[in-house]
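K.L.:
Spelled out, the chains give:
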Amino acid sequence: MSSPSPASLLSVRINGEPVQVAVQPHHTLLEVLRYQLDLIGSKQGCDKGDCGACTVQIDGEPQLACLTLAIHAEGRDVTTVEGLATGHGGVHPLQDAFDRWDAAQCGFCTPGILMSAEALVRKTPRPVTDPEVRAALAGNLCRCTGYTKIIDAVIDASRLMHTDDETADGAGQAPTRPAAAAQ
Amino acid sequence: MPDDPHHDAAEAADHDNWQLGGTHRKVDAMERMRGITRYTDDLKLPGLLHGKIKRSPHAHARIVSIDTSRALAIAGVHAVVTGRDFPIPYGIIPWTPDENALAVDKALYVGDGVAAVAAVDEETAIEAVDAIEVEYEVLPGLFDPEESLASDLQINPYSRKGNLSKKVELEFGDVEGGLSGAHLVVEGEYFFEGTTHAAIEPHCAVAHVERGGSAGDDGLLTVWSATQVSHYLHRELSKVLEVPAHRIRVIQPPLGGAFGGKSEPFDLEFCVAKLAMITGRPVKILYTREEVFYSHRGRHPMLMKYRTGFSRDGKITAVDANTLIDGGAYSSFGLVTTYYSGQLLCSPYDFGSYRFHSRRAYTNKPACGPKRGHGSVQPRFAIEVQLDKAAVALGVDPIELRRRNDMGEGAKTVNEFQIGSNGFLECLRRVEEASGWKERRTTLPYGRGLGVAGSTYISGTNYPIYPNAMPQAAVQVCLDRSGRARVFSGANDIGQGSNTMLAVIVGEELGLPLEDIRVLSADTDLCPVDLGAYSSRITLMVGNACLDAAHRLRRKVCGAVAKRWEVPVRRVTLVERKAIDIEDPDRHIDIAEAFSWAEEDHGLLGEVGSYNTPKDRHGDYRGGTIGASPAYSFTSHIAEVEVDEETGVVTVGTIWVAHDCGRALSRRIVEGQMEGSAYMGFAEALMEQHIVDPDHGGVHPAPSLLDYRIPTFIDTPQLRSLIVEAPDEQGPYGAKEAGEGPLHPSIPAIANAIYDAVGIRLDSLPFSPPRVLQALEQRRAAEAAGELAPHKGTARRTA
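Residue numbers (the numbering used here), protein chains in the order written: chain Y, 1 to 183; chain H, 1001 to 1799.
The shape of chain H in the complex, shown without the other chains:
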């Protein structure tokens, strides 16, 4: 391709770097801190109605009848809708459309939406929801995935295989041979209890239908939603509402956190749209915090049985994984989750051979979906603890064991994914050095310990959610004669800073400070299509598209200046709001004049850049594209813990986080992603648990931010972020992802540190005090029986 952005990236790398790798004020932070920014619930429209969704109190029930007459009779109630108003099923994955906007015949979990109202105010809407009479025929609830797979009672009416949501079996190489020939086989069973995203902003959506004027008589439906996937929402709204896509505009206002929890359509978006279409007035629905917990789509519970073979010197000869995934009531991204539970495990270590068997079951629980580190945080916990057990059994330092299995750069994984740059060894070195591992690990007393873990993650997926060969990202950049730039991108800034990332690239290429760049994003009427904020795709994919557009403009501007100065174009660079002659730096002009010259030569300065993924980097087998990425990030953590043997409380003092992000385009933003990730993993290791109670009909025992226990300022450890840069030729300026990878090692690093501290293996999450005390008890009994030597040589008292 004539305008290869990767070629340009290399060219760009040796000129200015006047923005790249610096620290930046985010383009949109100050107005958030002044309280000016309008998030979705801050929108106010004339005539706004308030919507509310009536939810099932039963985990599994047939809907016999719904009587809305009493609700409609209440003054101030404008409309009521039920599942019958949304007969077309949808699903974020096109192959598994297994949910309706509101339940049609059956409610599948406590909290499933069955009807919705629009009324003049929230209190009237609540009154109307209470007045809707639903007659249910209650069915037995199935809460355990094994039980559900064995049952004849099918949960999801759209399922084609009973309660089996998805099954994947893949084998690479000779696993039985690898295990039978191994010097050591480590067997373990691990359980990851589900967790949820708990973004501080609850889901919210507003819809309005405008008629007449440019909207035409058919009208234009605008939906403002706190979503991280405007484009997919746009498509599903069109399908379910039977409104052509060109008559729908989706706008994502500034977003108050997502973490995967807003990455598919939710009932409220369909409901506000339908209610606005019926009433002709704008309608808003804001979830209560309780509704956010029930809507969930969080991390799947997984029961993982692992056998891992090692040679005498600690090389992995075979990995055999068997995973049962509890999916909840709907598919969500479950097809992908089931693949990811096995496919994303095959790096940074070279597996001699590998087999995984993963099954996802429907249960009568809130549906699980993608949470930061989708599908691969759970198996990463299992494999990294397996490695630690092997290190102990073989008498090898756990960091050294990982080094021996490192696959290096340019490797092909056992499941045929092409790895590019690889900074994993450097990550290990950095955390080893920063934590004082070598000196301190051998000298920390009983009760205190250090643990290590590593991981890898994708920088976006090579194939989009719905099959198409169009670019995965496109960005439009316009320059104006005042010397400023506007960037139009469909990508969703969810707080991770993607708008700032785009401004950094445009600033670097066009010599502009960030305050001269306005980024308009995630508006389907204004911006090119982008697939959204998921799978850590934005920096690499949208960054490349932006670089493509910005570089085309740079060439035009530099060319126009070179022509007038009568110098070769390579002598002109753009930096600090100026065009400068590199060989005679005293010769420079204001950037606005340079833009004007370019506009004289070329007409209005606007360029569209696009990016598509390489299609030659995946496995040649069914499912071999799922998990294949243009580039992979690498991470290593060391956690330092203290275990109180009286109370069972585990305190994490510090987590050192080294992450290979390829190239840090903006250092503090990258650090913020690393710290936020490590925090979230820490939270899952010790505190968080998203469960329902089968003994109380499947209700959530803790649907509040107090009872669910997310870490406060006081609970959170010191987080030391160490940026490692192994530039990848696929990324813009070499950049890879930083938003999800750094979560993965937190949990196993803490698990391994607990072992180092007190000699216990906690194979079920979270590592709560009762589990710690029980394991300590067992350890003491084993020591007393002479089955185990005292840990760290310290004789412990028996209970």
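The shape of chain Y in the complex, shown without the other chains:
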């Protein structure tokens, strides 16, 4: 058996929860997520940073978990696809749009694409455009869809998210608000 290196205790927040796990210093974040923490949503397509299927967010930025040593995440916030819908009632608007557009065929690249796309829509203060989506997702390969339905879904989700914002902004006048209705 390979002689194990001394393990380090990694303290990290994953999907909002504090996690402590003993990791080998040479293991990647992807290995620790998938094989130690059973967070299987992040996928391994190439294990060398070419395909983007392992994309997670570290402190809100999309990163390739297969090129990131687990110990690099010490003290940081890691979000995987399993945590994407937190605060969205179980389904993120991007997931819902991907589902409506049939934007996931085999679905293997989809978690990574969702993590890249979420950063784009979060940082863009208006609905995103086709060239913006293509640029933001250029590090994520998909072999099934020809990308078309994914682009449609991201644009659609971002529009809906901004429509919701406007509704919320003008909500003071809205009789639809339960609180207002109660008054």
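The reader is advised that the hints may include incorrect statements.
Unchecked claim - Covered by chain H, according to a simulated footprint, are these stretches of chain Y (three or more residues, beta-carbon under 8 Å):
hint: 1; stretch: 39-45
hint: 2; stretch: 50-63
hint: 3; stretch: 77-87
hint: 4; stretch: 93-99
hint: 5; stretch: 106-119
hint: 6; stretch: 134-141
To be verified - Residues on chain Y that point at chain H, a partial pick, calculated with CB under 10 Å:
hint: 7; residue: A22
hint: 8; residue: R34
hint: 9; residue: G90
hint: 10; residue: T145
hint: 11; residue: T148
hint: 12; residue: K149
Hints are computed from structural coordinates only; laboratory data are not their basis. Since this is a predicted model, take the numbers as computed values, not measurements. By construction, the Cβ of each residue, glycine as well, lies at the ideal position given by its N, Cα and C atoms.
On the provided structure of chain Y, position chain H as indicated by the hints.
P.N.:
Then chain H, alone, in the frame of chain Y:
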């Protein structure tokens, strides 16, 4: 037959259509997007061991000895196997069993598996693989098919004809007469460099032997594999491992893409099974990306020499094709590929006469096999460019030339295949209109151009891979008293959405929304036999079987309701979770109650439907069954390109894709197949190249997703899908295939658009910048010498 599904299909077509042709959320997509779905590598079993395969560094070498003692001495190593543990050869095609799970006496390409280990973790397995000592006697590598056919050194030990893997010569009609009497003969030589599938999920397999209990003392071997052909894998495992089929269960977990790249057994499946049998513990092997590239089974390189005769008005009088196919080290599906390289070309155009001569050679390269559009994407490139050259020479619009050669519906091809419905002319019309062809093609400036191409493809093959007269597809549907349905199908959903397709059919027939239907598929213990996801067979064949079962249940349910309402059964329909009286729509009951009434009358509600192909639609000659299909799809593309004459870079702006899928059962899923196909063809036209380097002993120069260059979001053009529906009486509700046909025209449409843009013919793939620059150079020289007029009337500078 009393329960003719086609008759029922016609009947069904005029009632509800409440699911058919709509858009649907796929039955299994949301859990994939939540990261819950367990693909094969996501499976974790107690005591799981990790396997690794040792691979040959030589392209051609005799194995003198293998010493596994050092590997076995490493702590944590549980077992080592070599080719000697798998003496029985196998092959996906029963007539060409020419590979062993691991090489027995010879390694035939760089990457050929020679031994495998199982160890407590992946790192120990890698260490053990390195500790295995293999002594090789290195033999000369043969990398060129002509060279290999001429050589006395036989590559594959099982071959019966030296390095000739397969030869097919067929002739239909008077080809010499058709050529000699032609007004114009276009001659061309085309080269299609191989490409590979590159599904994002690498191949992975897990095996476990369970003993005792219901598994019995002999045990039950379960193999979970990322395969698209569970049934064939089941058969080959049984044969090679010498374990009866009833003691093997094959499960295909959700799959991360395949495209033909997972449509035969691979070394890892045999190795995990054997290692699990030896160790008594579960074993997993996950290919590295590099191993995926070497395992390959992708599109064959083909060198194609074509002569095509045309009458003065552009009618095809004769096609004479001579094709040399580079097969790599093993047969794979090569027997079929060799036939397909000629047999699938004879539509949508009426060939006056046709001859093809195709040879497939063994070489010391990763074996080629079926990739989306198996065997027919390469010749489609050749013939569609031939047509474009003829259109230019005859001064006929390229779309018009294709119209003049259209064979129409119900035609018989020159090689005697029976065509059913045919929406090809409508496909041409749709892309012509959507692209603005008529106005724009004449006005686009030098450097920009439009190109057109057409194609046809099979909706499954009339004859299965191993000869048998049993149904090609069977589906079981069960209803329960809560008002829900379960569908059991052996078919492999590989991301194309076949599970959703089955749910749409059951939903349509039984009045259920898709969320009330659970589809269980590709588990050989639970599901009826299905042949798998290949040759675009699932929608037509499995769809028909499903419709058969669903319709039997519909009759029972409607009958039970009609009996209680005391109305004729034709007045009852099932829609929106209700049974409704068509003539008095206020009278309705919940579907759960309707199911309960039917269960009272008939007992447990389960039906099995099956489908077999028509056997009267093929040619009456040796090989005439290969390529014959129940129904054919049709496609046309127009590509718009821009060619940068400084850099040689070709940019494809838009591809308009019109595809006749018979009937779109679920529109966005069909569009997704069209877009994914067009993308994959585009990638092969401009970027991808699966090669090995003879100057470096046959290693793959680019076995990574970065260096192999698959298109990103930025590279991929706008894809405009235009669904055309010419319902075919053979398909469920008229449906035909949509997953492979729409790939074919991408490549020639782009080639023809490049000609339209800058006046150069690129007859070798891919259309890379060096090839573009070289062709532009030649064109300029010819213009300067007065041999050619300036393209589009523009005088170009000479280099």
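K.L.:
Which numbered hints turn out to be false for this structure?
P.N.:
The structure breaks only hint 7.
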